[in-house]
Amino acid sequence: PDLCLPLLKRLVDEGLIPVLPDQLTVNQYQPGSGIPPHVDTHSAFEDGIVSVSLGSYTVMSFYHPCGNVTPVFLPQRSVLVMSGESRYHWKHGISSRKLDIVDPQMPGFHGDTSPAGLWSGGASGPTVLTRGVRVSLTFRKVRRSPCSCVGELHT
Numbered sequence: 034p035d036l037c038l039p040l041l042k043r044l045v046d047e048g049l050i051p052v053l054p055d056q057l058t059v060n061q062y063q064p065g066s067g068i069p070p071h072v073d074t075h076s077a078f079e080d081g082i083v084s085v086s087l088g089s090y091t092v093m094s095f096y097h098p099c100g101n102v103t104p105v106f107l108p109q110r111s112v113l114v115m116s117g118e119s120r121y122h123w124k125h126g127i128s129s130r131k132l133d134i135v136d137p138q139m140p141g142f143h144g145d146t147s148p149a150g151l152w153s154g155g156a157s158g159p160t161v162l163t164r165g166v167r168v169s170l171t172f173r174k175v176r177r178s179p180c181s182c183v184g185e186l187h188t
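According to the working numbering, the residues represented by the sequence shown are 34 to 188, in order.
For the record, the hints were derived by calculation from the structure and aren't laboratory data. Among the clues, some could well be false.
[To be verified] With a Cα cut of at most 20 Å, we get these calculated SDA-like pairs of lysine to any residue: (1) Lys42 x Val114; (2) Lys174 x Lys131; (3) Lys131 x Asn60; (4) Lys124 x Thr58; (5) Lys174 x Gly48; (6) Lys124 x Leu113; (7) Lys124 x Val85; (8) Lys131 x Ser66; (9) Lys131 x Val161; (10) Lys131 x Val166; (11) Lys174 x His71; (12) Lys124 x Cys37; (13) Lys42 x Val72.
Quantities reported herein were computed from a predicted structural model and do not represent experimental measurements.
Please construct the entire structure, taking both the sequences and the accompanying hints into account.
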């Protein structure tokens with residue numbers, strides 16, 4: 034939609050995505066719902082996936098094939114760009130739960146940008162946050178030619 038063009042053009046201008054996306058998926062998540070760990074279909078979409086979180090915060094976890102798991106705090110009105118290794122090699126997902134334990138050291142967390150009234154643990158310790166309704170806008174560029182992947186990087 035034209036309404037999204039200023040944000041998307043800014044991401045291209047800043048080199049965060051290579052081209053303007055031409056596909057948008059809108060999902061609404063109720064508290065307690067999540068998405069299983071996955072890698073977005075590489076043969077259908079180009080590199081550079083943009084996810085905009087509206088409404089509630091969430092915690093998205095990234096799963097490396099070697100077993101490492103990295104939780105990332107996604108505040109409301111945040112933009113997440115997955116490209117390269119994070120796009121193709123790490124799975125990402127959101128656990129199905131209504132509460133999250135968030136540590137101020139968690140990637141993506143900045144106490145001054147979290148929703149008002151949610152942060153009660155102080156600057157030095159973890160706290161429990163209650164999820165609300167979240168809307169996710171996921172922008173992708175549809176692949177128009179056959180995938181030229183090498184090896185089994187994409188699982």
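* **Restraint status (C-alpha distance of Lys131 to Ser66 at most 20 Å)** => The hint holds at about 8 Å.
* Please work out if Lys42 and Val114 have their alpha carbons no farther apart than 20 Å. => Roughly 14 Å between the alpha carbons, so the hint for Lys42 and Val114 holds.
* To do: Starting from Lys174, check that the Cα of Gly48 is at most 20 Å away, please.
  => holds (15 Å)
* Does Lys42 pair with Val72 here, judged by a C-alpha cut-off of 20 Å? -> violated (25 Å)
* Taking 20 Å as the top limit, are the C-alpha atoms of Lys124 and Thr58 close enough? -> holds (18 Å)
* Asked: Is Lys131 close enough to Val161, meaning Cα to Cα at most 20 Å?
  -> Measuring from Cα to Cα gives roughly 10 Å; hence the hint holds.
* 20 Å Cα cutoff - pair Lys174, Lys131 -> violated (32 Å)
* Hint consistency between Lys124 and Cys37 [alpha-carbon to alpha-carbon, up to 20 Å] -> Judged against 20 Å, a Cα distance of about 26 Å means the pair is violated.
* For the pair we were handed, Lys131 and Asn60, check the Cα-Cα distance against 20 Å. => holds (17 Å)
* Verify the proposed pairing of Lys174 with His71, using a straight-line Cα cut of 20 Å. => holds (18 Å)
* Asked: Given the hint that Lys131 pairs with Val166, does the C-alpha gap stay at or below 20 Å?
  -> Within the cut-off at roughly 10 Å; holds.
* To do: Would you mind confirming whether the straight-line C-alpha gap from Lys124 to Leu113 stays at or under 20 Å?
  => holds (14 Å)
The structure shown violates the earlier hints numbered 2, 12, 13.
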